[in-house]
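J.: For the sequence shown, full-length UniProt numbering gives the first residue as 1, with consecutive numbering after it.
No false leads were slipped in.
The calculated lysine-lysine pairs, modelled on BS3-like cross-linking and capped at a C-alpha distance of 25 Å, are: (1) K443 to K595; (2) K612 to K550; (3) K274 to K291; (4) K66 to K45; (5) K455 to K477; (6) K126 to K505; (7) K748 to K720; (8) K366 to K333; (9) K110 to K477; (10) K587 to K550; (11) K641 to K625; (12) K737 to K720; (13) K346 to K333; (14) K502 to K128; (15) K477 to K502; (16) K366 to K227; (17) K274 to K368; (18) K788 to K737; (19) K612 to K587; (20) K333 to K291; (21) K346 to K274; (22) K290 to K333; (23) K587 to K625; (24) K126 to K455; (25) K748 to K672; (26) K323 to K291; (27) K612 to K625; (28) K570 to K128; (29) K323 to K290; (30) K550 to K45; (31) K625 to K595; (32) K126 to K502; (33) K444 to K587; (34) K366 to K274; (35) K748 to K346; (36) K66 to K550; (37) K368 to K227; (38) K788 to K748; (39) K570 to K455; (40) K455 to K443.
These are computed hints drawn from the structure, not numbers from a lab.
What you are looking at is a predicted structure, and each value in this text was computed from that prediction instead of being measured.
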Amino acid sequence: MKLSRRELLKTLVGASAAIISSPDVLLPSPEGLAEAAETAVEAWKKSPCRFCGVGCGVLVGLQEGKVVAVKGDPEAPVNRGLLCIKGYSLPKILYGPDRYSVPLLRQGNKFVKISWSQALDIMASKFKETIQQHGPESVAVYFSGQTTIFEGYAINKLMKAGIGSNNVESNARLCMASAVTGFYSTFGMDEPMGCYDDFELTDTFFVWGSNFAEMHPILYSRMVERKHQDSNVKVVSLQTYLNRSTDEPADIVAIFKPHSDLAIANAMAHIIVKEGLANEAFIQQHVTFKKGLTGIGYGMEDNFEYGGASETSWKTYKPFADKGQPISFEEYKQFLETYTPEYAEKLSGVPADTIRQIARLLGDPKRKAVSCWTMGFNQHVRGTWINNLVYNLHLLTGKIAEPGNGPLSLTGQPSACGTTREVGVLSHTLPGGMSIANPEHRKKTAHIWNVPVEKISPRPGYHTMEMFRALDRGDIKVIWINTTNPFQTLPHVSRYRRGARKGGKRFVIVSDVYPSETARHADLILPSAMWVEKEGMFGNTERRTQHWFKMVDPPGEAKDDLWQIVELAKRLDLGHLFAYGEEPLQKALFEEYRKFGQGSGKDLAPYDVYAKVRGGLRWPVVEGKETRWRYREGFDPYVKKGEGIRFYGQPDGRAVVWARPYEPPAEQPDAKYPLWLTTGRVLEHWHTGTITRRVLELHRAVPFAAVWINPEDAGALGIKAGDSVRVQSRRGEIVTKAQLDGRNTVPKGVIFVPFFDENVLINLVTLDAYDPISKQPDFKKCAVRIEKA
Numbered sequence: 001m002k003l004s005r006r007e008l009l010k011t012l013v014g015a016s017a018a019i020i021s022s023p024d025v026l027l028p029s030p031e032g033l034a035e036a037a038e039t040a041v042e043a044w045k046k047s048p049c050r051f052c053g054v055g056c057g058v059l060v061g062l063q064e065g066k067v068v069a070v071k072g073d074p075e076a077p078v079n080r081g082l083l084c085i086k087g088y089s090l091p092k093i094l095y096g097p098d099r100y101s102v103p104l105l106r107q108g109n110k111f112v113k114i115s116w117s118q119a120l121d122i123m124a125s126k127f128k129e130t131i132q133q134h135g136p137e138s139v140a141v142y143f144s145g146q147t148t149i150f151e152g153y154a155i156n157k158l159m160k161a162g163i164g165s166n167n168v169e170s171n172a173r174l175c176m177a178s179a180v181t182g183f184y185s186t187f188g189m190d191e192p193m194g195c196y197d198d199f200e201l202t203d204t205f206f207v208w209g210s211n212f213a214e215m216h217p218i219l220y221s222r223m224v225e226r227k228h229q230d231s232n233v234k235v236v237s238l239q240t241y242l243n244r245s246t247d248e249p250a251d252i253v254a255i256f257k258p259h260s261d262l263a264i265a266n267a268m269a270h271i272i273v274k275e276g277l278a279n280e281a282f283i284q285q286h287v288t289f290k291k292g293l294t295g296i297g298y299g300m301e302d303n304f305e306y307g308g309a310s311e312t313s314w315k316t317y318k319p320f321a322d323k324g325q326p327i328s329f330e331e332y333k334q335f336l337e338t339y340t341p342e343y344a345e346k347l348s349g350v351p352a353d354t355i356r357q358i359a360r361l362l363g364d365p366k367r368k369a370v371s372c373w374t375m376g377f378n379q380h381v382r383g384t385w386i387n388n389l390v391y392n393l394h395l396l397t398g399k400i401a402e403p404g405n406g407p408l409s410l411t412g413q414p415s416a417c418g419t420t421r422e423v424g425v426l427s428h429t430l431p432g433g434m435s436i437a438n439p440e441h442r443k444k445t446a447h448i449w450n451v452p453v454e455k456i457s458p459r460p461g462y463h464t465m466e467m468f469r470a471l472d473r474g475d476i477k478v479i480w481i482n483t484t485n486p487f488q489t490l491p492h493v494s495r496y497r498r499g500a501r502k503g504g505k506r507f508v509i510v511s512d513v514y515p516s517e518t519a520r521h522a523d524l525i526l527p528s529a530m531w532v533e534k535e536g537m538f539g540n541t542e543r544r545t546q547h548w549f550k551m552v553d554p555p556g557e558a559k560d561d562l563w564q565i566v567e568l569a570k571r572l573d574l575g576h577l578f579a580y581g582e583e584p585l586q587k588a589l590f591e592e593y594r595k596f597g598q599g600s601g602k603d604l605a606p607y608d609v610y611a612k613v614r615g616g617l618r619w620p621v622v623e624g625k626e627t628r629w630r631y632r633e634g635f636d637p638y639v640k641k642g643e644g645i646r647f648y649g650q651p652d653g654r655a656v657v658w659a660r661p662y663e664p665p666a667e668q669p670d671a672k673y674p675l676w677l678t679t680g681r682v683l684e685h686w687h688t689g690t691i692t693r694r695v696l697e698l699h700r701a702v703p704f705a706a707v708w709i710n711p712e713d714a715g716a717l718g719i720k721a722g723d724s725v726r727v728q729s730r731r732g733e734i735v736t737k738a739q740l741d742g743r744n745t746v747p748k749g750v751i752f753v754p755f756f757d758e759n760v761l762i763n764l765v766t767l768d769a770y771d772p773i774s775k776q777p778d779f780k781k782c783a784v785r786i787e788k789a
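All chains should be built: construct the whole structure from the sequences, respecting the hints.
T.: Right under this line is the structure:
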């Protein structure tokens with residue numbers, strides 16, 4: 001039965017409000033739930049969802065100082081009243097019985113309660129002593145795409161303008177860094193040119209390496225509705241295994257071997273050029289061609305045996321920017337000659353005729369096309385390249401930066417764009433898309449921050465992978481980890497967990513809400529406020545900035561992270577960085593932050609506008625108007641009348657089509673480790689499960705991370721569904737239960753394990769090789785073996 005979006009909303013009314021009486025009480029039956037919610041709620045207030053980067057709007061129901069209900073905001077343009085199961089569970093994430101409520105200090109193998117004054121004094125003394133003895137590069141902070149814009153901006157300012165260290169990173173390095181370098185190398189600016197409106201305006205969807213149905217279900221529902229409205233709409237799903245995103249409404253499903261997406265994308269370009277489907281006029285006016293470096297190796301540890309490819313040791317690897325060499329369109333065509341559909345079939349396993357079919361769909365001048373992807377592209381040792389290649393397809397056909405046509409990189413966390421990328425909470429960036437290495441950018445930043453320009457170091461700090469390697473080596477001695485769980489999310493994580501506890505010579509501070517793998521390795525734990533227990537702003541996938549006010553108090557003595565940052569600054573004698581007189585701190589911080597983007601194509605509206613508007617606004621916001629499609633006249637205020645299209649991030653106003661070849665992965669199966677392992681998420685759990693596993697319904701739905709095995713592989717190994725099995729790589733092993741069917745079906749030679757379960761810690765197994773351009777690790781493929789446990 002086909003359901004329209006409206007019918008789906010009606011069907012899900014039972015989940016439209018989640019009533020809380022106890023964390024262990026299941027949701028009431030659907031029939032009376034909405035009515036019960038309305039009678040129980042004293043007030044409804046607006047907020048974005050706390051989970052993924054889609055940016056759904058929710059209405060939060062309050063009663064007697066507690067969040068007792070949520071419902072989708074019908075005025076929110078992203079979700080129009082609908083929420084996914086995690087969104088409906090938002091109230092319960094606040095009230096788990098094991099919430100941290102007081103600061104805790106490690107004493108031996110135990111933690112003891114201390115006061116906030118003691119905790120902040122200890123924290124500040126560790127920072128001061130370490131900086132005095134070893135310099136500012138011996139301390140670091142690691143925040144996340146779940147950090148609010150206020151918090152991200154404040155910690156960036158404290159570290160880069162106050163302490164003088166660029167050791168500022170975010171966990172978005174693990175999920176979005178290759179998207180960033182892909183945008184910059186192609187367009188000269190970060191973030192998508194299109195928006196979600198494209199879902200209702202296109203007629204062809206390409207879903208690349210993304211379990212869209214489970215990871216971004218609200219957007220998936222918009223695609224489903226579009227498909228049901230128009231029988232001409234086609235959905236192409238390109239995946240490494242069958243999942244819910246390969247079910248109906250997918251018209252064409254292409255299951256490819258891990259890492260071979262590079263060959264498929266080039267083969268599609270081959271067909272588009274060979275069969276006259278390229279938009280020659282668009283190319284002549286708006287595109288340049290470049291060839292980048294090849295054979296550049298991988299950011300990889302060098303004391304393990306790897307299978308199948310050359311490698312570059314991180315000890316000798318030096319950062320570089322691949323600026324590329326200009327080539328002609330004819331030279332690009334010559335480059336594509338190798339990538340026939342038959343050649344791509346040998347590498348990928350996707351039939352040559354299927355590759356031709358999907359290339360012709362994308363190239364058809366009578367059709368519009370939207371491409372979507374997430375971690376399947378980004379968590380890739382050639383993640384920058386594969387992002388470039390999907391842009392190539394849209395640039396060659398001219399299907400870009402206009403209603404219904406464009407590439408849309410989807411975001412995993414609620415503010416990976418707004419906080420990490422736009423605020424610049426990375427070791428090499430400054431707010432507003434500026435760079436540490438650029439002297440003019442440092443000069444502008446120093447002026448806005450009112451500090452000497454010499455205070456801002458021109459040397460990039462440690463990126464995430466190198467930051468935790470530096471902690472392991474002892475080059476970093478104090479680290480503050482906030483709003484994230486790296487000792488579960490880092491690849492080859494056993495190494496970094498050991499590094500945190502080496503001989504008491506490191507000091508690890510963790511701000512968190514619940515016990516986690518990272519908190520268990522901390523020296524000092526600071527209890528944090530979460531979501532509507534504080535004021536905040538997030539920025540979503542489509543450049544939409546949203547605001548919410550504090551609604552309820554956090555439990556016990558828990559404090560919001562912005563307060564923690566400012567209190568540390570005061571104890572480091574840097575409180576003047578946050579002295580804004582009588583103006584509210586959040587407003588003052590945001591108004592200062594806005595100065596970075598004004599006039600540069602990243603303009604934001606005033607704080608007071610976001611505080612009032614439901615659903616937020618998409619930047620650039622100029623003269624009170626948001627921008628839906630960038631780079632195109634009539635939509636983007638930075639494209640002048642008569643220019644048509646201008647990719648103004650590049651000096652010549654042209655986007656780059658890159659000649660990027662297929663190169664082998666950092667590790668691949670062999671006789672000793674004959675299977676591919678790939679990892680990912682599930683609908684019911686958020687990343688490492690720290691908050692969603694406290695929700696009884698979500699935990700019961702998926703209580704542990706299974707390993708999905710192909711039935712033929714399982715039969716050959718004597719493994720049946722439910723058997724305990726051991727998954728081993730060159731780095732580590734886990735034990736879990738085998739699953740042969742259900743929501744996923746993996747091809748022969750592939751296994752899949754999600755990463756939400758701290759008891760099935762799959763990142764003990766994964767490989768810590770990373771893209772040398774973006775520095776993002778490749779979680780999506782490594783060689784393993786499996787056996788009965």
